[in-house]
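Model the full assembly from the supplied sequences, consistent with the hints where possible.
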Amino acid sequence: MDPRAHLFGIRHHGPGSAASLVAALDALDPAMVLIEGAPEADELAHYAALPGMKSPLALLHYQADEPANSLFAPFAEYSPEWQAMLWALNRGRPVRFIDWPAACALAAAKDTAEQDLAEDEGGSPHGDPLDMLADVAGYADGEAWWNALVESSRPGPEVFAAIETAITELRTISDANQLLGIGRYQRDLYREAFMRLALRQALKDEAGAIAVVLGAWHVPALRQKSTQADDRAIVRDLPRVKVESAWVPWSDSRLAMASGYGAGVAAPGWYRHLWQLHREGDDLGAQAFAAGWQSRVSGLLREEGLAVASASTIEASRLALALAAIRGEPTPGLAEMHDATLAALCHGDETPLRLVERRLLLGERVGAVDEAVPQMPLAADLERWQKRCRLKAEDLEREIALDLRTEAGLLKSTLLHRLVLIGVGWGRLLDAEAGRGTFRETWLLAWSPILSVRLAEALVYGVTIEQAAANKAAAQAAASTDIAGLAGLVKACLLADLPQAAATCIACLQAAAVSSSDIARLMTTVPTLVSILRYGTARPIPEEQLSALVSALAAEINAGALSASLDIEPAEADALRKAMSGYDQALGLFGDNHLVEMWQRELAMIARHNRAAPAVAGLALRLLHDRQAWDVEAVAASFSRALTPPASPAEAGAFVESFLAGGAEVLVQDRQLLAALDQWLVDLDDESFIELLPMLRRGFAEFAISGRQRILSLVGSGLVADRASPSSAGSELSPEFVEQALPLLRTILGIEA
Amino acid sequence: MTETRLRQSAEETYAAELDALKKGDDRQRPANWAMSPHAVVDYIMGGKAKDGTPISAKYVGNRRLIETAVATLATDRALLLLGLPGTAKSWVSEHLTAAISGTSNRVIQCTSGTDENQIRYGWNYALLLAKGPSHEALVRTPLMRAMQDGTLVRMEELTRMGSDVQDTLITILSEKMMPIPELDDAIHARPGFNVIATANNRDKGVNELSSALKRRFNVVVLPPPASIEEETEIVTRRVAEIGTSLDLPPIAPADKEIARIVMLFRELRDGQTLDGKLKLKSVSGSLSTAEAISVGINAWAEAAHFGSGAIDAPALAANLVGAVVKDPAADSLALEEYLENVVRKRDGWRDLYGAIRDVI
Numbered sequence: 001m002d003p004r005a006h007l008f009g010i011r012h013h014g015p016g017s018a019a020s021l022v023a024a025l026d027a028l029d030p031a032m033v034l035i036e037g038a039p040e041a042d043e044l045a046h047y048a049a050l051p052g053m054k055s056p057l058a059l060l061h062y063q064a065d066e067p068a069n070s071l072f073a074p075f076a077e078y079s080p081e082w083q084a085m086l087w088a089l090n091r092g093r094p095v096r097f098i099d100w101p102a103a104c105a106l107a108a109a110k111d112t113a114e115q116d117l118a119e120d121e122g123g124s125p126h127g128d129p130l131d132m133l134a135d136v137a138g139y140a141d142g143e144a145w146w147n148a149l150v151e152s153s154r155p156g157p158e159v160f161a162a163i164e165t166a167i168t169e170l171r172t173i174s175d176a177n178q179l180l181g182i183g184r185y186q187r188d189l190y191r192e193a194f195m196r197l198a199l200r201q202a203l204k205d206e207a208g209a210i211a212v213v214l215g216a217w218h219v220p221a222l223r224q225k226s227t228q229a230d231d232r233a234i235v236r237d238l239p240r241v242k243v244e245s246a247w248v249p250w251s252d253s254r255l256a257m258a259s260g261y262g263a264g265v266a267a268p269g270w271y272r273h274l275w276q277l278h279r280e281g282d283d284l285g286a287q288a289f290a291a292g293w294q295s296r297v298s299g300l301l302r303e304e305g306l307a308v309a310s311a312s313t314i315e316a317s318r319l320a321l322a323l324a325a326i327r328g329e330p331t332p333g334l335a336e337m338h339d340a341t342l343a344a345l346c347h348g349d350e351t352p353l354r355l356v357e358r359r360l361l362l363g364e365r366v367g368a369v370d371e372a373v374p375q376m377p378l379a380a381d382l383e384r385w386q387k388r389c390r391l392k393a394e395d396l397e398r399e400i401a402l403d404l405r406t407e408a409g410l411l412k413s414t415l416l417h418r419l420v421l422i423g424v425g426w427g428r429l430l431d432a433e434a435g436r437g438t439f440r441e442t443w444l445l446a447w448s449p450i451l452s453v454r455l456a457e458a459l460v461y462g463v464t465i466e467q468a469a470a471n472k473a474a475a476q477a478a479a480s481t482d483i484a485g486l487a488g489l490v491k492a493c494l495l496a497d498l499p500q501a502a503a504t505c506i507a508c509l510q511a512a513a514v515s516s517s518d519i520a521r522l523m524t525t526v527p528t529l530v531s532i533l534r535y536g537t538a539r540p541i542p543e544e545q546l547s548a549l550v551s552a553l554a555a556e557i558n559a560g561a562l563s564a565s566l567d568i569e570p571a572e573a574d575a576l577r578k579a580m581s582g583y584d585q586a587l588g589l590f591g592d593n594h595l596v597e598m599w600q601r602e603l604a605m606i607a608r609h610n611r612a613a614p615a616v617a618g619l620a621l622r623l624l625h626d627r628q629a630w631d632v633e634a635v636a637a638s639f640s641r642a643l644t645p646p647a648s649p650a651e652a653g654a655f656v657e658s659f660l661a662g663g664a665e666v667l668v669q670d671r672q673l674l675a676a677l678d679q680w681l682v683d684l685d686d687e688s689f690i691e692l693l694p695m696l697r698r699g700f701a702e703f704a705i706s707g708r709q710r711i712l713s714l715v716g717s718g719l720v721a722d723r724a725s726p727s728s729a730g731s732e733l734s735p736e737f738v739e740q741a742l743p744l745l746r747t748i749l750g751i752e753a
Numbered sequence: 001m002t003e004t005r006l007r008q009s010a011e012e013t014y015a016a017e018l019d020a021l022k023k024g025d026d027r028q029r030p031a032n033w034a035m036s037p038h039a040v041v042d043y044i045m046g047g048k049a050k051d052g053t054p055i056s057a058k059y060v061g062n063r064r065l066i067e068t069a070v071a072t073l074a075t076d077r078a079l080l081l082l083g084l085p086g087t088a089k090s091w092v093s094e095h096l097t098a099a100i101s102g103t104s105n106r107v108i109q110c111t112s113g114t115d116e117n118q119i120r121y122g123w124n125y126a127l128l129l130a131k132g133p134s135h136e137a138l139v140r141t142p143l144m145r146a147m148q149d150g151t152l153v154r155m156e157e158l159t160r161m162g163s164d165v166q167d168t169l170i171t172i173l174s175e176k177m178m179p180i181p182e183l184d185d186a187i188h189a190r191p192g193f194n195v196i197a198t199a200n201n202r203d204k205g206v207n208e209l210s211s212a213l214k215r216r217f218n219v220v221v222l223p224p225p226a227s228i229e230e231e232t233e234i235v236t237r238r239v240a241e242i243g244t245s246l247d248l249p250p251i252a253p254a255d256k257e258i259a260r261i262v263m264l265f266r267e268l269r270d271g272q273t274l275d276g277k278l279k280l281k282s283v284s285g286s287l288s289t290a291e292a293i294s295v296g297i298n299a300w301a302e303a304a305h306f307g308s309g310a311i312d313a314p315a316l317a318a319n320l321v322g323a324v325v326k327d328p329a330a331d332s333l334a335l336e337e338y339l340e341n342v343v344r345k346r347d348g349w350r351d352l353y354g355a356i357r358d359v360i
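Each protein sequence line maps, in turn, to chains V and E.
Note that the UniProt record's numbering has the first sequence beginning at 1, numbered continuously upward.
Note that the UniProt record's numbering has the second sequence beginning at 1, numbered continuously upward.
These are computed hints drawn from the structure, not numbers from a lab.
Errors might be hidden in some of the hints.
Unchecked claim - One side of the interface only, derived from the structure: several residues of chain E facing chain V at Cβ under 7 Å: (1) LEU173; (2) SER286; (3) VAL321.
Stated by the list, open to error - Simulated restraints on C-beta separations: (4) V:ARG608 <-> E:ALA252: 39 to 45 Å; (5) V:ILE182 <-> E:ALA252: 49 to 55 Å; (6) V:MET605 <-> E:GLU116: 34 to 40 Å; (7) E:ASP255 <-> V:PRO239: 55 to 61 Å; (8) E:SER308 <-> V:ARG608: 30 to 36 Å.
Values in this document were obtained by computation on a predicted structure and should not be read as measured data.
The beta carbon of each residue, even a glycine, is placed where N, CA and C say it ideally should be.
So, in structure tokens, the structure goes:
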């Protein structure tokens, strides 16, 4: 190979690699830098040095007519590729990308349909090949191994030579035994042929030294002897698709995901810290490094309100160093830091550490793209949707009515719901009942320029509206513990035709429901879900999962309703009563007999319990009565127990009000109940009676006129009093005597005389 | 010589292993340590000595925890081992002292009756009265001896001791010095001195360490067994051992039932089902491996004396409920939910569902 070509085998997203690379580039001072990456990004590279470009960022390539088929090349500030790009741009040296074109990659991905991003990022299906070497050498990951390597030699070309030797060995064994699988092997052949072709071209175009920055895995292949004609032949007939490319903002959490790192194993936050170590140069020793990290942890812990003494921070860094020494490593790795933090700062308790883990290890950075950089696939996707749906973006407000039974209507509705999910409020749903079994939706449309900005922000979540909406919903669900909010999200996902995201939200809802102790809240969630199940949303729904969730919620409620109704304030009791009656109806519609049985058991316990809030107990008894779970005698006994002392008049009043709500028939048909009620009213003293009057009035107000009249006639006939106290049948209760009470009864029952 | 002691200490039982490790140990040793930190970790976790002597594993679990513990002792910070009952805290601390100091006999069992005289020093009152305060009249405690000789001292169940007595340790741990005001003198600890304390983290509310003292310890939490297979094996084995030593009438093997106990305990303890699909309410009890063992033993006794002669669902049910429901309100709720969402729907658990329903 031409001696002007210098190959630098790097570790993707490895801060150690990046530091060594920068040192090596400084030493070599190449005339041109070639970087592993799709050449479609050549024109985009020069934007990287703009002041508005904040890492993490990614180069996005997507199929022009099908944006969902896409490919990302993410860069963090510590990615060697990013540093190489900046190095060249700052010195005015040309940068070229030399991997196979995204056009071919995407065409191939479409063929296999199982394009794995992680696989594309690392050098092997098991992650980075350096991780494999590190594993053999007994290190936690490639970064720890690299550190050890960098520590033992000075950063620079020597490191790259050592790695090349190791990888060449690894590669020979792997290729001979087909360790990577045939598809992967084939793809490497194509990619490396392209790389060799590009390298030859660069050598022809440029007279000076040329630096090639590429995954260590590919270095041996570029050294390999082959002719231009051979390489041309390899790549000649590859299928291609039309590709568009753009810079897009990326985030720390996606960086951790897309790079195939398990959460918390090797994380962007940690790598950034390592990068700082390398950038500060040699004067930053292991001690300062450990102290820096432990101070960061302490700072985060303090922000969470935990007392962390500086003395403990010092101890933690000392322990990290001692641990590294025991494990034979020159500097503490993430594992040592973690163990030391746990023992010295958190008193062995994982909980506080978990509070800060996300911010500490993953980081919360979101990248930004400079305004001068051309945008962007979501806008293109929206345009495509608008064409398909025949909707135009207009400033003027316009109302449209959609019939969801037609394909066009459903399409429009899906689009608008998805846009709402990603915060692009182009349309506002006017008809609140939409989606609950009705097939109509009314939307108010109005486009404003700010929505373009929102669209750009949503890019963090995905490149098509569908992807972005689904990912954003899932992210929101993961961050939320509010049950009602989550139920809303589930519904929103179903309306937006995102079954996958809906499933995620359902799982989050289940988890949130378990940790919630607010039974009334849970009860109000059930009707929403049951109505989705029962009436559908004019879209396919994950029925099985949804009904599993409803049964789980119902089981939870059935177990907790009693304790939720004990010793609560009247206002709370009232809320619970309302939620309970909605839940009861929904449970009936849901139609699981076992759950209904358990519910009745719980109702019976509420009705029997003497500390249950009267309003709730009244409803429970009524439901038991209506379901005929208890016979008349049992209901009547319970009813009169609730009305007689030691129940105070106010309690009894609340009980009666909630028992009577929902129809007069119960009293008309059940004389015993009427008698108990009658007896209680008669026994009230004047003061309590006047106090209770409004409550009673409310209780009766919902009865139909005819019902009220029938009750009145029953009371008037004297039958009630007879039945109530058979022992006093012969006493002075003459019809005349009863008649004296009639005017008052009319007032209570609200019947004009 | 016939053995007259019921139990030998760790350094005697494993003398051969310790010698082999010491012989092959060429790494740097902290002052007054019998072997290097690396060799200590090998001694605890098992492996092979340089000369090929096999080293048995004293602790089965995460190597990283033991490394943290040893590194702590090497940095002259005190070590606190926390864990549920039956997670081998005292066992680990005994072996650590045996390996590092060559003796595990310096131990103070902390109780609510422990006073400062048992921690710092006491007086020989006859001498004190006859001659007045003098070094001869001091009665030395294990802690004081450890300071003078530069060895480790163990303090068992640290949190059982009153908080005011605990705080005696603060000066000793931070300044490595114990003043004797009566003699206007002080004992200065030699290198190698350190404290290993153990405490039960369920009981920490009893006499919670003051934050001043807590800060002077590095804490290592020894967790319950990591996998269900490991735990099931431990429980099965211990139930058989204890049951036999209690002379319980023999019964049919109950491996299947014990597997169910362990599964139920683990799921409730972790707050989620084993497959991770369902989150569960957590319970107030610790549901430790030790408790699973005792449920197994009780069910055995019940089955053998009163029941069908084999451990079955009814024999388990009452014991399980007793072990799970410690706080009547919250725990019954959690159990109820678990019953409905998990037990009822799991294949082959129907009998257990019925049996537990009968009990609650």
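Hints, verified against the model:
no. : hint                              : verdict
1   : LEU173                            : 12 Å, violated
2   : SER286                            : 15 Å, violated
3   : VAL321                            : 15 Å, violated
4   : V:ARG608 <-> E:ALA252: 39 to 45 Å : 42 Å, holds
5   : V:ILE182 <-> E:ALA252: 49 to 55 Å : 54 Å, holds
6   : V:MET605 <-> E:GLU116: 34 to 40 Å : 54 Å, violated
7   : E:ASP255 <-> V:PRO239: 55 to 61 Å : 59 Å, holds
8   : E:SER308 <-> V:ARG608: 30 to 36 Å : 35 Å, holds
The structure is inconsistent with the numbered hints 1, 2, 3 and 6, although it conforms to all the rest.
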